[in-house]
Structures are given as C-alpha cells and as structure tokens.
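A.B. asks: Residue numbering for the sequence shown follows UniProt numbering, starting at 1 and increasing by one per position.
Hints should not be assumed to be uniformly reliable.
Cβ pair distances, simulated, as ranges [what the hints assert, rightly or not]: (1) ALA70 - GLY27: 33 to 39 Å; (2) ALA134 - ASP2: 37 to 43 Å; (3) LYS40 - ARG99: 19 to 25 Å.
Simulated from the structure, these hints should not be mistaken for lab results. Beta carbons: idealized from backbone N, C-alpha and C, even for Gly.
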Amino acid sequence: MDHTTAEARLLDAADTLFYERGIQAVGMDAIRQASGVSLKRTYQLFPSKEHLVEAVLRRRDLAIREQISAYTSARPTPTEGVLAVFDYLYDWFGQPDFRGCAFINSFAELGPASANVADIVRTHKQAVADHLAALVAAAGRPPALAAQLLVLANGAMVTAAIVGSPEPARDARAAAQRLLDADASA
1 MDHTTAEARL
11 LDAADTLFYE
21 RGIQAVGMDA
31 IRQASGVSLK
41 RTYQLFPSKE
51 HLVEAVLRRR
61 DLAIREQISA
71 YTSARPTPTE
81 GVLAVFDYLY
91 DWFGQPDFRG
101 CAFINSFAEL
111 GPASANVADI
121 VRTHKQAVAD
131 HLAALVAAAG
141 RPPALAAQLL
151 VLANGAMVTA
161 AIVGSPEPAR
171 DARAAAQRLL
181 DADASA
C-alpha cells in the first residue's frame with residue numbers, strides 16, 4: 001500500500017472512530033484494525049495518536065470551510081448567505097451520524113492537555129468567524145453582528161448534539177433573522 005493510500009485510510013478510519021466514540025476512547029490498534037494499515041506503517045505516518053488527531057482535525061477543517069463557503073455563496077444576496085449558515089447547520093444536524101461539532105468535542109476532550117489541538121480548534125473557529133464576518137460585511141451590517149451570529153451557531157451545534165435534533169439550527173436561524181431585521185430597522 002502506497003503512502004497516500006495508507007494515510008487516507010488511516011485518516012478516514014480515525015475520523016470516523018474519533019467522531020463516533022471520542023478521541024480518548026479510541027486506541028491506535030482500533031484505528032489500525034479499521035483502516036487495514038499495519039501498526040508499523042501507522043506509526044511511520046503518524047508518530048503518535050496526537051499527530052493523527054491533529055491531521056484529522058486539519059483535514060476536517062478544510063472540508064467544512066469548503067462546504068460552508070459553497071453553501072453560502074450559492075445564495076443570491078449576502079443577507080441570505082448569512083442565513084444559509086444556519087440552513088447548512090440544519091442539514092448537517094439532520095445527518096444520521098451527527099455527534100456534535102468535532103472541534104468543540106475535541107477541545108472538550110483534549111484542549112487543556114494539548115496545545116496543538118487547542119490551536120487547531122481555535123484556528124477553525126476563527127476561520128468560520130471570519131467567513132461569517134465577511135458575509136455580514138457584504139450585507140452592510142455592523143461587525144459586532146458577526147460575533148453574535150457565531151454564538152448562535154456554536155450554541156446550536158452543542159444543543160443539537162445534546163437533544164439529538166436538527167431543530168436548534170432552525171431556532172438559531174430565527175434568532176439570526178431577528179438580529180438582521182433589528183439591524184435593518186435601526
């Protein structure tokens with residue numbers, strides 16, 4: 001098995017297992033077994049579990065950024081793009097394998113013990129914040145609105161995972177609409 005294939009298989013297996021069970025509950029042997037990559041090759045590619053966690057999060061970060069960007073750019077107006085963030089969340093929360101935000105979950109599990117994981121989580125959340133800020137600016141709204149919308153989005157992620165329903169995204173969207181309407185009438 002070549003380097004690229006082995007790495008992809010390890011990342012796929014680790015991403016699935018970490019997201020389903022939690023990072024600390026999954027050992028390297030389970031990842032090796034799920035991926036079909038030998039333990040020796042696994043450690044050649046990822047010298048430690050933390051290296052693998054970091055790679056999984058970086059890959060997931062890029063995928064989510066691309067998905068959100070595609071979802072919001074498909075809207076005809078910047079204001080609709082802002083609200084599309086919450087439509088994206090609703091679709092995501094409705095997936096049968098939804099277990100919450102992998103970045104929030106990872107930070108909760110490892111953030112205090114792993115500066116690298118904490119940095120990756122912060123970088124991801126900042127990238128989402130920056131995207132939301134750009135949408136808010138394009139809609140001609142004040143920058144402070146972006147931070148408020150980000151709190152709604154992150155709160156919806158946590159709440160949806162806890163209650164097992166996509167509806168918190170709808171609630172957050174309605175609150176976002178109210179904030180946008182209040183700003184428009186101010």
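A.B. asks: For every hint, state whether the structure bears it out.
C.D. replies: Outcome of the hint check:
no., hint, result
1, ALA70 - GLY27: 33 to 39 Å, "35 Å, holds"
2, ALA134 - ASP2: 37 to 43 Å, "39 Å, holds"
3, LYS40 - ARG99: 19 to 25 Å, "31 Å, violated"
Consistency note: the structure conflicts with earlier hint 3 alone.
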